[in-house]
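A.B. asks: Each chain, letter by letter, is given below.
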Amino acid sequence: MRDVAVVSFAQMPSVRHEESRNEVEMLMPVVAEAIERSGIGRKEIGFTVSGSCDYLAGVPFAFVAGLDSVGAWPPIQESHVEMDGAWALYEAWVRLQYGDIDSALVYAFGKASMGDLPKVLTLQLDPYYVAPLWPDALSMAGLQARAFLDAGHTEAEMAEVAVRSRRSAKDNPNAQVRGDETVDDLLGRPYVAAPLRAHDCAPISDGACAIVLAAGNVARDVCDRPAWITGIDHRIEAHGLGVRDLTTSASTRTAGERAGVGSKPIDVAELYAPFTHQELILRDALGLGDGVSVNPSGGALAANPFMAAGLARIGEVAQRIHRGDASRGVAHATSGPALQQNLVCVLDAEGGK
Amino acid sequence: MAGDEVLVAPNILEYPYKRTVGPIIGRFLTGLRERRIEGIRATDGRVLCPPVEYDPANGESLTEDAFVPLADTGTVTTWTWVGRPREEHPLDHPFAFALIQLDGADTGMLHAVDAGERSEMRTGMRVRAHWRDEREGAITDICCFKPEQDA
Amino acid sequence: MSDAAVEEGPVRSIRTPQHFVYQYSPGQATSRFLRGLEQGRILGQRCPQCGKVYTPPRGACASDGVPTTDEVELPGTGTVTTFCVVNVPFYGQKIEIPYVSATVLLDGADIGLFHLIQEVAADKVHMGMRVEPVWVEPADRTPSLESIKYFRPTGEPDAPFDSYKEHV
Amino acid sequence: MTERCAVIGVGQTKYESTRGDVSIAGLVREAAVRALEDAEVGWSDIDAVVIGKAPDMFEGIMMPELYLADALGAVGKPMLRVHTAGSVGGSTAIVASSLIKAGIHRRVLTVAFEKQSESDAMWALSRPVPFSPPTLAGAGGYFAPLIRAYIRRSGAPDHVGIMVGVKDRQNALRNPYAHLRIEDISFEKVAESPMLWDPIRYLETCPSSDGACAMVLGDEAAGDAATKPVAWVHATAQRSEPTMFAGRDAVNPQAGRDCAADLWAQAGITDPRRELDAAEIYVPFSWYEPMWMENLGFAPMGEGWKMTDSHATAFEGDMPINPSGGVLSSNPIGASGMIRFAEAALQVRGMAGEHQVEQKTGRAMGHAYGGGSQFFAMWVVGRNKP
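In order, the protein sequence lines correspond to chains A, B, C and D. Going left to right, the first sequence walks through residues 1 to 353 as the working numbering numbers them. Going left to right, the second sequence walks through residues 1001 to 1151 as the working numbering numbers them. Going left to right, the third sequence walks through residues 2001 to 2168 as the working numbering numbers them. Going left to right, the fourth sequence walks through residues 3001 to 3386 as the working numbering numbers them.
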């Protein structure tokens, strides 16, 4: 495969409710910053692809306005996935393999504050058997969390994930939820969807992020320490919760193996786990040991711009490689109820030949 | 001068979608209307309930001759508590969503369990379908499951 | 126990109604434009790069990908660049058919505005027709394009085709 | 360097206003199974699935690919969901082809669908947004003014739109999958049909359909191994421009012109009218045939209507456009673009049945557009390897 690297990343600080700006106004400075940092001219970028979701805004073609932030004139080569931006990055990575273009812009945005996100996510479920009962996203995660606990885990283990995320987020100016609570503090609080408490659930965020990818020598020219994508893969599982083993993530395991997670040591992992128990399931599926720094940004539990949070994980890992804080990391994104679909991306400072 | 406050207004998205269901889902829903619960036998021999049109393991089509009658009793395999029901929910007081493995089936079906208190819920508990009087051929023809004494 | 439904035929379809309430915000630039309408003013914004004037402003010059910043006020008169006569009923429609939906290029603006043309028979509306806004009474105005009831002919001579052909 | 890519199987559903006999999964599955059967492969031969559809609000299911994973045999595989408005069927096929061309997969199943009968397209596309008067009336309300501008610019006579409406419905009578099969279609019948969005008449508009289209794409080895003829992908191109900006020509968009120029350059085509056997282009309103003839470079500016008027675009003409009956005869929105791409493949494979055109150059084009005439996706396929 052709060597492709993340050469820049920009994100908007996640907030519970961005009151004044619409999606385009949120996105414009983020896209501009990613392009500026990449050192590649806006008009030189060969391909643009985005991830977003109509149902967040409650209007069809929500992604069309996003194009206004890019300056798509003269006309550009462009595509869009109705998926988290991490899958948009996958499409860009595939497109860069042709060899006729050398760079790509990937962006994603979500303004979940406009609607009732947990209820909106009910519309992802089987439209005949499940959606008519209206279980929301918290209930679907709660079913998985209970199965996880029944398999021999504890609510304290889950709370430990939240404690660590909130502490890590104190160093992250883009995070939305930070704090110094202890496990005991958190376990004293009420359930929101037993066995889930508020700390087990990612916040609802408005946010946006953008990444510029470049291939081969272009990446080397514009970036001192490119974060090379040495492996990327994604897999989907059966839709129904009843036919899956909810205590593991078979699709993450497969994607991780195919992306080569285990072939060399990992320094850092950014996992898109919107619920505490999911981080533990994902660590296991990816075979991450105790030496790996997991979600040093605070992860989705600290900032969760729906549709952009997966792409942000890739950006967070890449940024640590750019800065020299890490040599090799793994980023993960998820979609669908109870980790139905998962993407794994391995980034490595040593990737380019 | 024009004010600087951004404007906000409610945007209502509502529609009464009508879904055609095809033969497999249609048969299951017809059964519910008649207070019958059926599963479907997958290619590996497992009985799936609710019955799906395509085998999740390998994508093969499942056909009507693979239907298997099931009891309206079963076991909770996992659950979560809904302390504040939404307007759309099957019950207007606190309840559990659960995966219920009906007797004779190998997989869980998502539905509501009316157990009164969260403390009454546990994995492995026995439940029985509680039917609506006015049934129309929908998953909501079972209004909920209710706890039963252990066998 | 009622088993009244048992005798009906196989289930072929289900109804699954949905109801969601979103909080829609048009954003900063469009909000300023809409607040202006409430005061009987039509505001546009100029792109700092290409100098073109957007009405309604969308917050960005889409061709340059930069925020539009300088505000300009427009007189309100304009030219019908193109239009259609809507004669089709649909779910949720609020205007009596037939009606004329037109693209109006306001004097001083560089993109067209969609609005209604009235006080003229639908078959008399034509490209190049000069029009002006008919405002809702000041007390009844809201921050919405509905503060302009519609546009109507000014009676001026038509604008020449070349003056607006780039702006459909 | 990129790998070669071939269309080795095509599957379509019957297009109808309501496919009341199937679920959404059943509809999508019908096209997918037919594509697998045509390709003579099984579910286990498929490495990845790429699915496309237009707005989720048509069916009221958010990201329906999650629920459709089982029906499309995608469990354990990669699955991508594309959404580029009306061009999505074409864009989806292009994403699928990129997985082959990049050398990542050997066989990819690509599917596009819409089950519009679950709601109402006019509702979904014209819902009033706060602060705006509800003046628009569906896609027709947006495109009719652009058509009026085209007529004014080109000086085309009124009957050209009617001719396209007749021609595509006549072609549809040759296509067993077509939704509209109007046996007594005639110039008078179209001319006398009601004006919905003046200047667009009822019989100059597309229907609202349920339907799905699928293709199996393969790499060179898979193409070589196929026992039936395959369609080799000679060129793919995509271009986008913003919806609304000062100086935009929405009648003859630059993005469409650039996209076509890129496509012809990749395929080594200098005169598309002479170097293609057929083109399946996205014509949801009759006047878009002459408009796209100019935009794509089949005709000089202002003269696209002369191709229609001289019957050059008719089934027996020198440049048959939409021999399948086109979008005017079947329009499951999310699938409509993929149907164009798939029909182009059927023509070069010689497998278009009664609507097979004469094979001269062995090449054909598929075209899709979406949004406010701002998203374009196109491909050229050929009987021979590129």
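Do not take every clue at face value.
Stated by the list, open to error - List time: in silico DSS-like cross-link candidates among lysine-lysine, alpha-carbon distance up to 25 Å:
{"id": "1", "chain 1": "D", "residue 1": "K3360", "chain 2": "D", "residue 2": "K3228"}
{"id": "2", "chain 1": "D", "residue 1": "K3306", "chain 2": "C", "residue 2": "K2165"}
{"id": "3", "chain 1": "D", "residue 1": "K3228", "chain 2": "D", "residue 2": "K3189"}
{"id": "4", "chain 1": "D", "residue 1": "K3385", "chain 2": "B", "residue 2": "K1018"}
{"id": "5", "chain 1": "D", "residue 1": "K3228", "chain 2": "D", "residue 2": "K3385"}
{"id": "6", "chain 1": "C", "residue 1": "K2149", "chain 2": "C", "residue 2": "K2124"}
{"id": "7", "chain 1": "C", "residue 1": "K2124", "chain 2": "C", "residue 2": "K2052"}
{"id": "8", "chain 1": "D", "residue 1": "K3228", "chain 2": "D", "residue 2": "K3306"}
{"id": "9", "chain 1": "D", "residue 1": "K3014", "chain 2": "D", "residue 2": "K3228"}
{"id": "10", "chain 1": "D", "residue 1": "K3189", "chain 2": "D", "residue 2": "K3306"}
{"id": "11", "chain 1": "A", "residue 1": "K43", "chain 2": "B", "residue 2": "K1018"}
{"id": "12", "chain 1": "C", "residue 1": "K2124", "chain 2": "A", "residue 2": "K43"}
Unchecked claim - Pairwise CB distance ranges (calculated):
{"id": "13", "chain 1": "B", "residue 1": "P1094", "chain 2": "A", "residue 2": "P265", "range": "42 to 50 Å"}
{"id": "14", "chain 1": "D", "residue 1": "T3002", "chain 2": "B", "residue 2": "P1094", "range": "52 to 60 Å"}
{"id": "15", "chain 1": "D", "residue 1": "G3350", "chain 2": "A", "residue 2": "D284", "range": "33 to 41 Å"}
{"id": "16", "chain 1": "B", "residue 1": "E1117", "chain 2": "A", "residue 2": "H153", "range": "54 to 62 Å"}
None of these hints come from the bench; they were simulated from the model. The beta-carbon is built from N, C-alpha and C at its ideal position, and this holds for glycine as well.
A.B. asks: Decide, hint by hint, whether the structure agrees.
C.D. replies: Quick rundown of the hints versus the structure:
Among the hinted pairs, K3360(D) with K3228(D) is consistent with the structure: their alpha-carbon atoms are about 19 Å apart, no more than 25 Å. Only pairs whose Cα atoms come within 25 Å are accepted, and K3306(D) paired with K2165(C) is accepted, the gap being roughly 22 Å. As the CA atoms of K3228(D) and K3189(D) are separated by approximately 41 Å, the hinted pair breaks the 25 Å bound. Straight-line distance between C-alpha atoms of K3385(D) and K1018(B) comes to about 46 Å, which puts the hinted pair past the 25 Å bound.
Between the alpha carbons of K3228(D) and K3385(D) the distance comes to roughly 15 Å, so the proposed pair stays at or under 25 Å and holds. Proposed proximity of K2149(C) and K2124(C) is supported: the alpha carbons are some 19 Å apart, at most 25 Å. A distance of roughly 31 Å separates the Cα atoms of K2124(C) and K2052(C); the hinted pair therefore is violated under the 25 Å criterion. Our distance criterion of 25 Å between C-alpha atoms is broken by K3228(D) and K3306(D), whose separation comes to about 38 Å.
For the hint linking K3014(D) to K3228(D), the alpha-carbon distance of about 23 Å falls within 25 Å, and the restraint holds. A hinted pair counts as satisfied when its Cα atoms are at most 25 Å apart, and K3189(D) with K3306(D) qualifies at roughly 22 Å. Proximity of K43(A) to K1018(B) is assessed by CA-CA distance (about 46 Å); at most 25 Å being required, the pair is judged violated. For a cut-off of 25 Å, the pair hint linking K2124(C) to K43(A) is broken: about 45 Å separates their Cα positions.
Distance hint for P1094(B) and P265(A): a CB-CB separation of about 48 Å, consistent with the stated range 42 to 50 Å. One distance hint, 52 to 60 Å for the beta-carbon pair T3002(D) and P1094(B), holds here, with the actual separation near 58 Å. Taking 33 to 41 Å as the suggested C-beta distance range, the pair G3350(D) and D284(A) does not conform, at roughly 53 Å. Restraint check, E1117(B) to H153(A): a C-beta distance of roughly 24 Å breaks the suggested window 54 to 62 Å.
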